[in-house]
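Asker: Sequence:
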Amino acid sequence: MTSEFTLNRYASIVGWGYALPSKVLTNHELAQMVDTSDEWIRSRTGIVERRVIGPGESTASLAREAGERALEVAGISAEDLDVIIVATITPDYPFPSVAAMVQDGLGANRAGAFDLNAACAGFVYGLSVGTQLVTSGINRNVLIIGSDTLSQVIDWSDRSTCVLFGDGAGAVVIQATDQPAGVQSSVLGSDGSGFDHLIVPAGGSLQPASRDTVDGRKHYLKMNGNEVYRFAVTAMTRSTAQAIRQANLGSEDIDLFIPHQANLRIIRSAARTLNLPADRVFTNVDRYGNTSSASIPIALCEAIESGLVQPGHNIALVGFGAGLTWAAGVVRWTAEPVVSATSEGRLLAESVLS
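The sequence shown runs 199 to 552 under our numbering.
Don't take each hint at face value.
As the list claims (entries may be wrong) - Simulated DEER-style distance windows between Cβ atoms: (1) 275 - 470: 40 to 46 Å; (2) 473 - 270: 20 to 26 Å; (3) 403 - 473: 28 to 34 Å; (4) 509 - 408: 19 to 25 Å; (5) 432 - 232: 35 to 41 Å; (6) 308 - 413: 19 to 25 Å; (7) 451 - 408: 51 to 57 Å; (8) 277 - 235: 38 to 44 Å; (9) 354 - 427: 20 to 26 Å; (10) 449 - 241: 25 to 31 Å; (11) 237 - 475: 43 to 49 Å; (12) 231 - 423: 17 to 23 Å; (13) 312 - 236: 37 to 43 Å; (14) 509 - 443: 41 to 47 Å.
Read the hints as simulated data drawn from the structure, not as lab findings.
Owing to the predicted nature of the structure, the values given are computational and were not obtained by experimental measurement.
C-beta: ideal position from N, C-alpha, C; glycine also.
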């Protein structure tokens, strides 16, 4: 089933920020751990390295740091926030929510807080939900964060999955406005018949932790790579095209396409199908791998830092992930960019496999 909406009131993105662990894990280092190689990983995924958390770091700590940076750019205090939404599939604890911990860490004393689980599509889901809270008139300032630490649920002896994922967080602040800005359209979808193609089998109510689940390594991520790949290409292209139509635009009107950073081949295939040239497709998968719900907001932040996002631009976002879920949207940008000389973001035309 798929749901969609088109907006008549607006919620502008006014702040953004991201956070990454300091530890870098390269392909060469992974080759010392499992039977793989830098060439094998690069040629199949486009990934060169990824970030992984260390002692004292967690999904919540990264989320809080990204949120602090987004608030700083927005020029508002945590006390101005009405709601905090954290998209994640790797919370610090089964409960309470990461969002509640972030709310406390930021000192957002007025804000409600909740987590959203839509896997790698989670940030775009959160952006859709947050936008509706603002455009309905219920709230004025909403902080939306995508934060995941998939290194904590990866089986580092499984070369088919351990090479793919990394840790990070990205955040945006959206604010009520009467100007035609922010999310112009949103398409949310799910096909639960494929739930077992990307899954952590144990640790929930169906298979609670036991000696058997631990011995069977059922608390680690399992993936049917071929099925996920086929789903991803279709879901990305169809939902993005639908979101562009719902915004009353064509592909030629999209100034920048920021897809979920899972695999460079998937990104290239989707861009070709959507008739989007490589110089309008942003990618950083080579440096971070798949950071799940953090993928799109981190890429958005780096695109802004690189000067690729300008007022008046139409930006298409799309994510896909476990569930199976997908989400796409078109954002009309109005904020002035903050360009960083240190940003390493790049377009698909300049990617490592060009």
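Asker: Hint by hint, say whether it matches the structure.
Answerer: Verification of the supplied hints:
Taking 40 to 46 Å as the suggested C-beta distance range, the pair residue 275 and residue 470 conforms, at roughly 45 Å. In this structure, residue 473 and residue 270 break the distance hint of 20 to 26 Å, their C-beta atoms being roughly 38 Å apart. Between residue 403 and residue 473 the Cβ separation comes to about 45 Å, which falls outside the hinted range of 28 to 34 Å. Distance hint check for residue 509 and residue 408: the Cβ-Cβ separation is about 55 Å, which falls outside the suggested range of 19 to 25 Å.
Remark: the range hint 35 to 41 Å for residue 432 to residue 232 is contradicted by a beta-carbon distance near 30 Å. In this structure the supplied range 19 to 25 Å is violated for residue 308 paired with residue 413, their Cβ-Cβ distance being about 47 Å. Between residue 451 and residue 408 the C-beta distance comes to about 54 Å, which sits within the given range of 51 to 57 Å. The supplied range of 38 to 44 Å is broken by residue 277 and residue 235, whose beta-carbon atoms lie about 51 Å from each other.
Between residue 354 and residue 427 the C-beta distance comes to about 22 Å, which sits within the given range of 20 to 26 Å. As the Cβ distance of residue 449 to residue 241 is approximately 28 Å, the hint placing it in 25 to 31 Å holds. Against the hinted window of 43 to 49 Å, the Cβ-Cβ separation of residue 237 and residue 475 comes to about 28 Å, which falls outside the hint. Checked against the hint of 17 to 23 Å, the C-beta distance between residue 231 and residue 423 comes to roughly 19 Å, which is consistent with it.
Our hint of 37 to 43 Å for residue 312 and residue 236 holds, since their Cβ atoms are close to 41 Å apart. In this structure the supplied range 41 to 47 Å is violated for residue 509 paired with residue 443, their Cβ-Cβ distance being about 24 Å.
The earlier numbered hints that this structure contradicts are 2, 3, 4, 5, 6, 8, 11, 14.
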